[in-house]
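With chain A held as given, fit chain B onto it using these hints.
Number of protein chains: 2
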Amino acid sequence: MTQATAGVDLGGTKIQAVVVSAGEVVGQSRHPTPNTNAADVVAEIVAAIHSALDAAGMTTPDLRAIGIGSPGSVDVATGHVSKARNVPGFMDDVALGPSVRAAFAGTPVLVDNDVRAAVMGEFRKGAGRPFRNFMGVFVGTGVGGGLILEGELRHGRGNAGEIGHTTVKPGGRRCGCLRLGCLEAYAGRMSIEQTARHRLEKGQKTKLFEIMERKGRDRVTSSVIADALDQDDRVTVELIDEAVEALGVALANAQNLLELEAIIVGGGLGDRLGEPFVRRVEQAMVGNLRFPEQPPLVLGTDLGDLSGAVGATVLIEYRS
Amino acid sequence: MTQATAGVDLGGTKIQAVVVSAGEVVGQSRHPTPNTNAADVVAEIVAAIHSALDAAGMTTPDLRAIGIGSPGSVDVATGHVSKARNVPGFMDDVALGPSVRAAFAGTPVLVDNDVRAAVMGEFRKGAGRPFRNFMGVFVGTGVGGGLILEGELRHGRGNAGEIGHTTVKPGGRRCGCLRLGCLEAYAGRMSIEQTARHRLEKGQKTKLFEIMERKGRDRVTSSVIADALDQDDRVTVELIDEAVEALGVALANAQNLLELEAIIVGGGLGDRLGEPFVRRVEQAMVGNLRFPEQPPLVLGTDLGDLSGAVGATVLIEYRS
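Residue numbers (this note's numbering), protein chains in the order written: chain A, 3 to 322; chain B, 3 to 322.
Chain A with its partners taken away, still in its complex shape (with noise of 0.2 Å):
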């Protein structure tokens, strides 16, 4: 009889699962997302939590609860997901929490918005510890976002904090969600790809993609951009540019509308590129401020790519 929990992050690249106990990490497990259908995917996770027990010396038994964060649209009282636009078979309703449930042996099972689960984690256990009004950043294939408000997860009408989606700029480049000139068409690392593949047809030279293929990958990685920007590659470098310029604007427009202890800025790309991107944001922030002598903190995460892992574990006890 313990009190252990597992929470999963799950991505349309992988699959992250922590098992914590009396408020650590006691293992944890990542596994590729199985790019086929979503079967598949939910065996994997399956799996993953398997991997993470292991790792932790434990077994199904030992588990209070499981959490999991998931992209799209989830319906927390059944644990139904859709519209997972980046996992296979995830656009259709997949009933991912009542077939985890199953095969834990009955163990409870809460699905929660992955974004959520990473902004709940880094304010219990991580970065957002000492504030009670902050927003989280979440910088990866999209751009995702959450709000602290007096101590308090914001969830509006159930989807509140899409930074990513806030304009800005007006007829600007076209989003994955069809407007124009939305903060994510700039700074999502899948926005960043097309516009680069699309400048390199142009006959705008890059190394971007000679790169991702050197690294064995089928798409440009945070890691791929990284190297790109360490070797100066200027259509990546102008890329970043922009979507420095973009987070700055949004982040202000947030900060002036809301005036925040902090922002947080983690995701993929965000932990990826670290320090010295946080600061960059920083400060075309600050430039966009109404009271430039008082501005948030901005911060990377203290919990990375297991921010949304740990979170799931977080929404547990709050749900529970």
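Among the hints, erroneous ones may be present.
[Claimed, not checked] Chain B regions said to be covered by chain A (calculated; three or more residues, Cβ under 8 Å): (1) 153-166; (2) 169-179; (3) 255-263; (4) 290-303.
[Claimed, not checked] Across the chosen pairs, the derived CB separations fall in these ranges: (5) B/S84 <-> A/G289: 24 to 30 Å; (6) B/R87 <-> A/L299: 26 to 32 Å; (7) B/R131 <-> A/P294: 32 to 38 Å; (8) B/S84 <-> A/P294: 14 to 20 Å; (9) A/R281 <-> B/C179: 21 to 27 Å; (10) A/R321 <-> B/K85: 22 to 28 Å; (11) B/Q206 <-> A/P294: 31 to 37 Å; (12) B/P278 <-> A/L299: 42 to 48 Å; (13) B/R131 <-> A/F293: 30 to 36 Å; (14) A/G153 <-> B/Q233: 50 to 56 Å; (15) B/G25 <-> A/F293: 34 to 40 Å.
Hint data in this document are derived by calculation from the structure and do not stem from the laboratory. Quick reminder that beta carbons are idealized off the backbone N, C-alpha and C, glycines included.
Leaving out everything else, chain B in the frame of chain A:
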């Protein structure tokens, strides 16, 4: 012995005073703001309160307290005001609260931010009554805003709600705050006037300033703009189109971040242009929403140009 309170909205053009008893406005008066110095402005505030008392058939001993909503930087603890660009002499420190208190035989005076007062007025006595989560946007000389989140006025560090200085067009029109592309640079009356004058000087035809002179005004007031729109003055039509577009971007950005129940649009220009303007702003906003199928209600104010003065009496209840 009654429970009457007086409320004052101090603006660059006018001083609006009300007397409220048993929750009803029982007297009101409006005086022009002197364009001379701070002492004259304070004297005129005192005169406006006396006029409102007269209208209510009351005298100083009937007043329990006086609330004043002021632009600029307000020290709520001391009642001092400074940095109010549009009020003569109020760039320097003015002992507004103590001076008014002395003029009313020691009656307690509360001074707070004018926009905060207006938001509280609509929240408790106006269009915001049904909601626990809304934003008030006041389009006047400048553009102010305030947020009610989970039934509480958001203060932040003291200046939350500055939607007027969120960026709607990076590198765009110069704002009074000296930054480029703020909402206020497109939707504020002062900026609209300056831009129209600039276009006139560059040879574009506009009747805006003839209408202003014919109405005996020395600035482009909201009613001057309304008349020019009625006459299909092309420059004015274009500038209001741009104001609507800018409001659409800024309101959608706030909505995407916060998922509010409603947005209330008021202020001198918002109230004067009325329902057709509010509907246009709503339409422009919906086009920029992440979830256009779940828009907030977009409403005009209930209290019109009394939002601020009535709100100043509401703030008294909250502080005492």
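> Do the beta carbons of B/R87 and A/L299 sit within 26 to 32 Å of each other?
Replying inline: 30 Å, holds
> CB of B/P278 to CB of A/L299, is that within 42 to 48 Å?
Replying inline: 44 Å, holds
>> A range of 21 to 27 Å was offered for this pair. Does it hold for the Cβ distance of A/R281 and B/C179?
In response: This hint holds: roughly 25 Å between Cβ atoms.
> Regarding B/R131 and A/F293, is the given constraint of 30 to 36 Å on their beta-carbon distance met?
Replying inline: 31 Å, holds
>> So is the stretch 290-303 of chain B in contact with chain A by the C-beta rule, three or more residues under 8 Å, or is the coverage claim wrong?
In response: With 4 residues in contact (Cβ-Cβ under 8 Å with chain A), the coverage given for the stretch 290-303 of chain B holds.
> So does B/G25 sit 34 to 40 Å from A/F293, Cβ to Cβ?
Replying inline: 36 Å, holds
> Within 50 to 56 Å or not, the Cβ separation of A/G153 and B/Q233?
Replying inline: 53 Å, holds
>> Can you tell me whether the CB distance of B/R131 to A/P294 sits inside 32 to 38 Å?
In response: 36 Å, holds
> Holds or violated: 31 to 37 Å for the Cβ distance of B/Q206 and A/P294?
Replying inline: 35 Å Cβ-Cβ, so the 31 to 37 Å window holds.
>> Please verify the coverage claim for the stretch 153-166 of chain B: does it have three or more residues whose C-beta sits within 8 Å of some C-beta in chain A?
In response: holds (count 11)
>> How does the stretch 169-179 of chain B fare against chain A when you require at least three residues with a CB closer than 8 Å, holds or violated?
In response: holds (count 5)
>> I want to verify a distance hint. Is the separation of the beta carbons of B/S84 and A/P294 within 14 to 20 Å?
In response: 19 Å, holds
In terms of the numbered hints stated before, the structure departs from hint 10 and from no other.
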